[in-house]
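Residues per chain are reported as follows:
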Amino acid sequence: MIYLELFITYFKIGLFSFGGGLAMLPLIEHEMLSHGWMTHAEFMNIVAISQMTPGAIAVNCATFIGLKVGGVPGGIIATTGLAMPSVIVILLLTQLLARIKEHPMKKAFFFGIKPVTIGLIFYAGVMVAQNTILLNPADWLSVDWVKFVLTGLCFLVLYRFKVNSIMMIGISGVIGLVLFGFMGL
Amino acid sequence: MKFLFDLFWTFFKLGAVTFGGGYAMIAILEDIICTQKQWLEKEELLDIIAIAQMTPGTIAINAATFVGFKYKGVGGAIAASIGLVMPSVIIVTVIVLLFGAELSNPLVQAAFTGIRCCVVALIMVAVVRMYKDSVKENWGRLAFLISVLLMVFSGLNPIGLIVAGAAIAMLTQLIIPKWFSKKLA
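As they're listed, the protein sequences go chains A and B.
FYI, our numbering numbers position 73 of the first sequence as 73, with every residue one higher than the one before it.
FYI, our numbering numbers position 54 of the second sequence as 239, with every residue one higher than the one before it.
Any given hint could be a false lead.
Subject to a maximum C-alpha distance of 30 Å in a straight line, what follows is the list of computed DSS-like cross-link-like pairs (lysine-lysine) [as the list claims (entries may be wrong)]:
| id | chain 1 | residue 1 | chain 2 | residue 2 |
| --- | --- | --- | --- | --- |
| 1 | B | K227 | B | K321 |
| 2 | A | K107 | B | K321 |
| 3 | A | K162 | B | K367 |
| 4 | A | K12 | B | K321 |
| 5 | B | K187 | A | K106 |
For the record, the hints were derived by calculation from the structure and aren't laboratory data.
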């Protein structure tokens, strides 16, 4: 029963992947290869497409692979399997956190993780910048100045004028199309 | 029912525009959920991100479940999560059915280059806002700096960093002061 196998596999991936998106990829690849559902090259292709389509990378991967293995119902079943552990775990956790509302230990815990979390988000931004603005991701001096200026302008507009982020994504897509597509910069 | 649909629709829009996975999504979550809808405080969002990092599954699904549950219980959690993953499922399905997993059109790539520049700016704006909002003491500034440096230079597991931040805060705020007061008494 291919649908059940897809569901169980993606449930397992959803349950054992900590740290979100990119951290999930090695686990997903391992499962796909061991089931013989795809090759390494196919997997890399799907990762690239997942990063270009909106939504969480893991969700996109699940839909892709589900579709490939079991058609449209396969895509839906794999995605449901992936999302289900998150939903269950968070529901249980919110109940627990509500019960220990004002415990000093809880306060200290969240006080401690706040700056670390902001640091992690900053680092994620640096990683995306590395792969976008630099011509060679390993060399911090190989800056593509057109992209650098575009990023800086986006930052200024978003920070100063509180433009809706969704609109800004659309605008930058059009700018990208003009600059890097039609003008070939 | 109206609010349930609002939850679904807001997360549907989020799912439709977040390119680049997890952390890019956090920046848009911050804009839409905290600033525009005011469903969550920035502090609460940071708590959710930290929890999402430590619990299995994708960050965005965890956040959707959390927000949905906070306002409308289990039904809200499910509505928000389905809203979030639905655009991915639809878009990926359409792409596969139309193009058969090929998305290497140079014009599409150009638009995505522009979008990625915007994503970098979005993440950095979110970092600046969150930092201003929740890092107010020297301990926080130091913890932020150390986390960034450790991520850049050691490639440490982010879960380890979060746990360390929590442990240090609990030790310095509660356990060690308690131990000292016992010794002195």
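Right, here's what the structure says about each hint:
1. B:K227 - B:K321: At roughly 14 Å apart (the allowed maximum being 30 Å), K321 of chain B and K227 of chain B satisfy the hint.
2. A:K107 - B:K321: It holds: about 16 Å lies between the C-alpha atoms, which stays within 30 Å.
3. A:K162 - B:K367: Violated: K162 of chain A and K367 of chain B sit about 51 Å apart, past 30 Å.
4. A:K12 - B:K321: Measuring from Cα to Cα gives roughly 40 Å; hence the hint is violated.
5. B:K187 - A:K106: Cα-Cα ~34 Å, so violated.
Checked against the numbered hints given earlier, the structure breaks hints 3, 4, 5 and satisfies all the rest.
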